[in-house]
Amino acid sequence: MAFKIVEENCTGCCACEPECPNQAISEAKGGLFIIDPAKCTECIGHHDEPQCVAVCPIDLTCIIDDNYPRYEAA
Amino acid sequence: MQTTHNQTEAGAVGSHTPVNIDEVMQQVADHKGCGTSGGSGKASCGSGAGENDLPKEIWDKVKNHPCYSEEAHHHYARMHVAVAPACNIQCNYCNRKYDCANESRPGVVSEKLTPEQAAKKVLAVASTIPQMTVLGIAGPGDPLANPEKTFKTFELIAKTAPDIKLCVSTNGLTLPEHVERLSQYNIDHVTITINMVDPEVGAKIYPWVYYNKKRYAGVEAAKILTDRQLQGLEMLTERGILSKINSVMIPGINDQPLVEVNKAVKSRGAFLHNIMPLISAPEHGTVFGLTGQRGPTAQELKALQDSCEGEMNMMRHCRQCRADAVGLLGEDRSAEFTTDKIMEMEVNYDLDSRKAYQAAVEQERQAVVAAKQEELQTLAGAHSDIKMLIAVATKGSGKVNEHFGHATEFQIYELSTSGAKFVGHRRVDLYCQGGYGEEDALATVIRAINDCHAVFVAKIGGCPKNDLKAAGIDPVDQYANQFIEQSAIAYFKEYLDKVASGEIEHIVKGDAEIRQGALIAA
Ligand code: SF4
Ligand code: SF4
Ligand code: SF4
Chain E
1 MAFKIVEENC
11 TGCCACEPEC
21 PNQAISEAKG
31 GLFIIDPAKC
41 TECIGHHDEP
51 QCVAVCPIDL
61 TCIIDDNYPR
71 YEAA
Chain H
1 MQTTHNQTEA
11 GAVGSHTPVN
21 IDEVMQQVAD
31 HKGCGTSGGS
41 GKASCGSGAG
51 ENDLPKEIWD
61 KVKNHPCYSE
71 EAHHHYARMH
81 VAVAPACNIQ
91 CNYCNRKYDC
101 ANESRPGVVS
111 EKLTPEQAAK
121 KVLAVASTIP
131 QMTVLGIAGP
141 GDPLANPEKT
151 FKTFELIAKT
161 APDIKLCVST
171 NGLTLPEHVE
181 RLSQYNIDHV
191 TITINMVDPE
201 VGAKIYPWVY
211 YNKKRYAGVE
221 AAKILTDRQL
231 QGLEMLTERG
241 ILSKINSVMI
251 PGINDQPLVE
261 VNKAVKSRGA
271 FLHNIMPLIS
281 APEHGTVFGL
291 TGQRGPTAQE
301 LKALQDSCEG
311 EMNMMRHCRQ
321 CRADAVGLLG
331 EDRSAEFTTD
341 KIMEMEVNYD
351 LDSRKAYQAA
361 VEQERQAVVA
371 AKQEELQTLA
381 GAHSDIKMLI
391 AVATKGSGKV
401 NEHFGHATEF
411 QIYELSTSGA
421 KFVGHRRVDL
431 YCQGGYGEED
441 ALATVIRAIN
451 DCHAVFVAKI
461 GGCPKNDLKA
471 AGIDPVDQYA
481 NQFIEQSAIA
491 YFKEYLDKVA
501 SGEIEHIVKG
511 DAEIRQGALI
521 AA
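Sequence lines, in order, name chains E and H. Quick note: the first sequence uses the numbering used here, first residue 1, plus one each step. Quick note: the second sequence uses the numbering used here, first residue 1, plus one each step.
Isolated chain E (complex conformation) (with noise of 0.2 Å):
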């Protein structure tokens, strides 16, 4: 699974974009941000805890995205 951005909720703060490790975070039309999901490793291998939840100011935007099979570490 990757995470993923819930759209409604985002304010387009930028805040997540330069804490994810994979530089999987980037700017979308409106201003908002969204996630690649080929490039998130759930923080794995880098963190403790999944970077773009700890800073995100709205919670439940952040969240797993069910489309996509668990990140296995290499």
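One should not assume that every hint holds.
What the hints assert, rightly or not - Taking lysine to aspartate or glutamate pairs in the EDC-like style, the calculated list, with each CA pair at most 20 Å apart, reads:
| # | chain 1 | residue 1 | chain 2 | residue 2 |
| --- | --- | --- | --- | --- |
| 1 | H | Lys97 | E | Glu27 |
| 2 | H | Lys97 | E | Glu8 |
| 3 | H | Lys112 | E | Glu8 |
| 4 | H | Lys214 | E | Asp48 |
| 5 | H | Lys97 | E | Glu7 |
| 6 | H | Lys493 | H | Glu374 |
| 7 | H | Lys97 | E | Asp59 |
Rather than coming from a laboratory, the hints here were simulated on the basis of the structure.
Got chain E sorted already, so can you dock chain H with the ligands onto it with the hints?
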């Protein structure tokens, strides 16, 4: 990039021993208030009560800064650019989705400027408003949680408009790692919002902080925050950077503890302490708004400010302005400078004409002080315990020059035999979302200045005059376009004479209401 942050690391911050900062403090914090002594070109800072002169290098930093000098705030303007949307903590008085009324924060998506856009905006404003002397970055998030954008903006402005003073306003969490860079960029004013020094109190204000790649909650979070804030403050003082401490007064949560905050920041060399009222309403969607946490009344706020005043300079003229505010404090001209408009503007930045204009402002300012001093002579020898507040309608320049009906705020002065002292301001503009529209505007004004004996205006209609009188507030228009303090002292002298002769009886007035909502564009 593995960061295994743990408590020990945060704990270590607390045991940081400050270098001896006594010398710097001697210069900065030991004086109490400093006023223009007629004609010398010196002005007051903070409360503006005393007349002690500051060391020259500090004086040069504050004299034209509307936030650091109460006197300057009548004459000089500031602007904020909203280049810093990200934040690293959460406050219970802030809803990150919408405009925040306490911190200077417009809704996050509503205004986001790139450093390049911000630099252009500064030039556009500086050419249009020559008395704009200060650029601040205050949000909408935390400027030091967006260091690249913040410092890039400072760098661009230092290059194109070197006469503009730069300042920054932060929650302090990452201040220690940025102090060195702040001093490299010649930032000589830093504001830290400090609402507590006791983590138990902090836990009621801050649900979490994001620090060293981890989210902390509760007392642990507040402990990290307070340690970092105080360490940052000490580092600023060591480098001679002036600091202002903002505190949001939250009745029942941190009102008494703020006296401890005042002591803690004073002993670390803070230049000015600014206690602001909590702005809280359910429609703001903040935790405090939803739990019904109220803000202080005007009397509660003033009492707390007064009790800290013996300790250090208190700022009473803060308008809690937004991260995109433009103009004199109390005025917001940001609507003239939207991103679309500034991108089209022809900008002609002319340092010489700005200097000439500011020289004229300086003359005007000294005239205000000379007039006040002259009038003060007439009070010499008078003794009375009477103290009273008056409200003044002004457009700036230190004069009574606004019509009663046009005023969006009143400045409040306390009159006593020691003179006229600026003690605050009351907003009376109608808050757009607050549902005040139905209400009678005059009743709103009366509630806002209910603790005042008189209101000084340039002009006032017959109807409001009578209603004000009925509410025990004397409408005074005889000082139209004259200097505020001079007029106020003259009025007070007459008042004392009337009380002495038995013509009137002095009555103590009641409390007043503090208007809710962020300062909005007119
Ligand atoms: S931190 Fe949250 S609100 Fe801010 S841009 Fe990222 S997802 Fe959006
Ligand atoms: S979970 Fe970690 S890797 Fe995935 S997007 Fe969030 S910060 Fe980046
Ligand atoms: S928010 Fe307060 S400190 Fe900042 S510019 Fe406005 S009045 Fe000054």
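So, going through the hints one by one against the coordinates:
Taking the CA atoms of Lys97/H and Glu27/E, the gap is about 17 Å. The hint holds against a cut of 20 Å. Between Lys97/H and Glu8/E the CA atoms are separated by roughly 11 Å; this keeps the pair inside 20 Å, and the hint holds. For the suggested pair Lys112/H and Glu8/E, the alpha carbons sit about 18 Å apart, so the restraint of at most 20 Å is met. Only pairs whose Cα atoms come within 20 Å are accepted, and Lys214/H paired with Asp48/E is accepted, the gap being roughly 8 Å.
The hinted pair formed by Lys97/H and Glu7/E meets the criterion: a straight-line CA distance of about 13 Å does not exceed 20 Å. Between Lys493/H and Glu374/H the alpha-carbon distance is near 13 Å, which keeps this suggested pair within the 20 Å criterion. Annotation: proposed proximity of Lys97/H to Asp59/E holds, straight-line Cα distance about 11 Å (limit 20 Å).
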